[in-house]
Amino acid sequence: MGGCAGSRRRLSDSEGEETVPEPRLPLLDHQGAHWKNAVGFWLLGLCNNFSYVVMLSAAHDILSHERTSGNQSHVDPGPAPIPHNSSSRFDCNSVSTAAVLLADILPTLVIKLLAPLGLHLLPYSPRVLVSGICAAGSFVLVAFSHSVGTSLCGVVLASISSGLGEVTFLSLTAFYPRAVISWWSSGTGGAGLLGALSYLGLTQAGLSPQQTLLSMLGIPALLLASYFLLLTSPEAQDPGGEEEAESSARQPLIRTEAPELKPGSSSSLSLRERWTVFKGLLWYIVPLVVVYFAEYFINQGLTSDEHREFAMAATCISDTLGISLSGLLALPLHDFLCQLS
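For what it's worth, the numbering used here labels the leading residue of the sequence shown as 1, then goes sequentially.
Errors might be hidden in some of the hints.
Claimed, not checked - Simulated restraints on C-beta separations:
(1) Ala205 x Thr276: 50 to 56 Å
(2) Gly32 x Leu328: 31 to 37 Å
(3) Glu273 x Gly189: 32 to 38 Å
(4) Leu328 x Ser208: 39 to 45 Å
(5) Ser270 x Leu214: 30 to 36 Å
(6) Gly149 x Leu217: 19 to 25 Å
(7) Pro177 x Gln204: 36 to 42 Å
(8) Leu121 x Asp335: 27 to 33 Å
(9) Gln31 x Ser147: 33 to 39 Å
Read the hints as simulated data drawn from the structure, not as lab findings. Where is the CB? At the ideal position from N, CA and C, for every residue including glycine.
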């Protein structure tokens, strides 16, 4: 009887009949994958924006770069080379902290402008590696810098990391359940709070800015671990979805060969089609310049498959554009206020 039952089961399986109920293990695996991806995207959002937030929090220290630790030959024992305006009632640096803001946002703006046109040709894994390396490099370069120019170069690395990571991970959400974008959004919000508080807390606890920045090198490592070790491949995320979407997501995330990665399907879009899609997104992009948090709501409603990866990468330019404009305006405003007596 057991052999007959086994034969009938194999026969029914070969004929495509669903006569045997599914075991509970796949359901448990699916729930486990859901939470792994939810936590993974939350950590990616947190780690991706962390260096950006820290650089803004450290803006004053970056511009007044004299440090007692490190190479003493670069430290002027006298007053600052360019003294603050003592006649102003404002606490002024020789250079506005808006310079740090622009160094922290303009490279991101450039990346987001160019990304929808060709970034999809590069597989996801190398992008994530570059993002993590740039984030680590930014902490190291700013920590050991003894000039404003070198420090700003470190801030630029943080901006490259954040911009490249945001475009990459937002595009990647197109191949996962839509809930992951809410987790990503929550993670980026957490970066704003935890990044600023961690820098303030560590410096107030007695650590120098250099030691504080070096202590944050674990953040890029956590970003790489979240992507390579925590996220599951998209194939397990939509067991009841459309057949085409399921087959398009079967390639592993960490494979580095570009032809093997299906999540780059927007490469088939012509320039005319890309422009058409982009014009349709302007209704969303323009309000997003003012309202940053609306980005994640708008991305949910994009029309849901062949345009989704490109659209997710294109709309994230809006918040960067608004921040860039505020930085440009802050430069002359800083000088004007500091000249007031």
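Hint by hint, here is what the structure shows:
1. For Ala205 and Thr276, the hinted distance range of 50 to 56 Å is satisfied, since their beta carbons lie about 54 Å from each other.
2. A hinted range of 31 to 37 Å is violated for the C-beta pair Gly32 and Leu328, which are about 47 Å apart.
3. In this structure the hint that Glu273 and Gly189 lie 32 to 38 Å apart at CB holds, the actual value being about 34 Å.
4. With their beta carbons about 32 Å apart, Leu328 and Ser208 fall outside the hinted range of 39 to 45 Å.
5. Restraint check, Ser270 to Leu214: a C-beta distance of roughly 47 Å breaks the suggested window 30 to 36 Å.
6. At roughly 23 Å, the beta carbons of Gly149 and Leu217 sit within the given window of 19 to 25 Å.
7. Hint check: Pro177 to Gln204, Cβ distance near 41 Å, so the stated range 36 to 42 Å holds.
8. Between Leu121 and Asp335 the beta carbon distance is about 43 Å. The supplied range of 27 to 33 Å is therefore violated.
9. The given range of 33 to 39 Å is broken by Gln31 and Ser147, whose C-beta atoms sit roughly 52 Å from each other.
Hints 2, 4, 5, 8, 9 from the list above are not met by this structure, while the remaining hints are.
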